[in-house]
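Asks: Here the protein sequences come in this chain order: Y and R.
Each residue of the first sequence is one higher than the last, beginning at 1 in our numbering.
Each residue of the second sequence is one higher than the last, beginning at 1001 in our numbering.
Please keep in mind that the hints were generated in silico from the structure rather than gathered at the bench.
Bear in mind that the values here come from a model prediction, so they are computed numbers and not experimental data.
C-beta atoms are modelled at their ideal positions from N, C-alpha and C, and glycine is treated no differently.
Just so you know, not all the hints are guaranteed correct.
Claimed, not checked - If we take Cβ atoms under 8 Å as the criterion, some of the chain R residues that face chain Y in the derived model are: (1) 1036; (2) 1043; (3) 1048; (4) 1050; (5) 1051; (6) 1054; (7) 1055; (8) 1066; (9) 1070; (10) 1071; (11) 1160; (12) 1162.
Stated by the list, open to error - Below, a list of computed lysine-lysine pairs in the BS3-like style, where the Cα atoms sit at most 27 Å apart: (13) 12(Y) / 1401(R); (14) 1144(R) / 15(Y); (15) 1401(R) / 1466(R).
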Amino acid sequence: MSERITTDDVAKVAKLARLRLRPDELTRFTEQLDAVLDHAEDLQTLDLDDLEPLAHPAELSNVLRADRVGALLDRDEVLASAPQAENGRYRVPPVLGEAP
Amino acid sequence: MSPTPPMSPTQPTSTTVDLDVWEIVIGLEVHTELATATKLFSSAPNHFGGEANTNIDPLTLGLPGSLPVLNEQAVELAIRVGLALNCTVQRSTFARKNYFYPDQSKNYQISQFDLPINVDGSLELPDGKVVGIERAHLEEDTGKTTHVGGGGRIHDAQHSLVDYNRAGVPLLEIVGRPDLRSADEARAYVSELRSVLVAVGASDGKMEEGSLRVDCNVSVRRRGEEEFGTRCEIKNINSLRSLGRAVDYEAARQVDLITAGDRVEQQTRHWNEDEGRTTLLRSKEGSDDYRYFPEPDLVVLDPGSEWIERVRAELPMLPADRRHRLVEQCGAGVEQAALVVERGLDELCLAAVAAGADATRTLTHAEHNLSDGRSVELDPGSFAALVKMELDGSLSATQAKTVLAELVAHGGDPTEIAAVHGFEAMDSSELDGLIDALISNHPDEWQRFCDGDGKVTGFFVGQVMKATQGKADGKVVTGLLRDRAG
């Protein structure tokens, strides 16, 4: 297997994405991601000096909206579909630490 | 005062850092909520306070199928701040910052990463120091989590409650360069930044409501060293006072670590206002851990020169320029100019001077006698008239102060107010009689005055003031005394 990407790298990304992978999945995804990197390397060989970097595939810019208040959702209706709610708030399991 | 925190191995033994040996290096990240009507990417209201989860719409809750559309006014305000901070406003893109925490319903925050809207700016502090601004980028605010049980402490909480009213509110994160060197400078920077944000109408600047939030990076190094030390980021700073305390505590903690032969580790730390110290929140994660990637649902933002130049032309005069103007046009001192501009009295002073008032006397009043918030509404013509009356001797300094206070409180004509108080220029013949009587009643003091003992001048002036109920002009009295002493 290539040194470009290891099963440790994939395990780390899986952990960050909260995905639990079996050992055979870890191997398979590492191979697949390695193939993606092959493709990227193919692209690297192209001469792109004359091209502007592309920020988004849709060649649009400045899609903006006026700063006007629109329709809102009803709180009670929304919270009724939440697993748990309390005092008008979503109730969630205890979280360790503060937000990043 | 806060209670003394319990001693622990990381507790600084000294509260102050020896600044002859050590240099404190500070860089601040200031998040400001932008004063728009709606959120950054949806039309739900941007409104502080109110019932939990009432300012919500499908995008705020990250419901399937909802898509973000950028708020034009948020961009306008971001450009205003960027230009006010001398930044280059550039073509920018949005990115997803991925993390799992319930303060964002979608498990990512939309921010700007490799191409922020504003880059490479600066901010001039009242003392003339210029602090670099690395970038000022747009991002969305998070919801508010409340930890229940365990006495409100995060780590012992039984469960948490989430209110998404604040989620999606437009933020501008202003990243300053590590150019600050003391707690005082850090406070001055935030204070100046707040003035600029308020001046351009981008923010209400209320730290206590979270409109302005400060994360503080602190490191220390021995004087003369070129390399920066390892820094720690301090969160949960809610006031300028906390900022100063947190910097001093954290610098002392790091110096103690190094002095003891330990290393400072790169960490995110939490400022505890009650205990007056920082505690470990987590080891610092690298930006890789957030798996930033381009936001596929938003296109490029490219304001273009027309928009940018229109905003530039509409910018109000900024605090630094207003200070310079006061120094140049009225001869104000640097600190005096800072205070007068902070009180918003510079226009008043300039107008009074233009109406013929003496600049020095006008500024002295603004500095010492116009701390009342209503002073900004003072009529410049009346103010000028008062200063003129004082200068031509028809009012003493004490009387002028009284008339000025009344002008601020009720307005009116200074001549009439002076008349109502019976403040009329003392006839010098009246003063002559008083002074002659004083001299004959206090021969010993008079001899000392004649011998050049300056200390008794105050005695004689005080006696005259007492006899005239403050109507006499101290300078005139001193002159008459000198005349008699020969």
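Asks: Confirm or reject each hint.
Replies: Hint by hint, here is what the structure shows:
1. 1036: Result: holds, 5 Å to nearest chain Y Cβ.
2. 1043: 3 Å, holds
3. 1048: The hint is violated - residue 1048(R) has no Cβ within 8 Å of chain Y, the shortest such distance being about 15 Å.
4. 1050: 11 Å, violated
5. 1051: Hint on residue 1051(R): holds, closest Cβ of chain Y at ~6 Å, below 8 Å.
6. 1054: Holds - the Cβ of residue 1054(R) comes within 8 Å of chain Y, reaching about 6 Å at its closest.
7. 1055: Residue 1055(R) check passes; min Cβ-Cβ to chain Y is 7 Å, inside 8 Å.
8. 1066: At 11 Å from the nearest chain Y Cβ, residue 1066(R) fails the 8 Å test, so the hint is violated.
9. 1070: 5 Å, holds
10. 1071: It holds, given that the least Cβ distance between residue 1071(R) and chain Y is near 5 Å, below 8 Å.
11. 1160: Check passed: Cβ of residue 1160(R) comes within 5 Å of chain Y, closer than 8 Å.
12. 1162: Holds, because the Cβ-Cβ distance from residue 1162(R) to chain Y comes to roughly 4 Å (cut-off 8 Å).
13. 12(Y) / 1401(R): 71 Å, violated
14. 1144(R) / 15(Y): Roughly 25 Å separates the two Cα atoms, so the pair holds.
15. 1401(R) / 1466(R): Holds: residue 1401(R) and residue 1466(R) sit about 17 Å apart, inside 27 Å.
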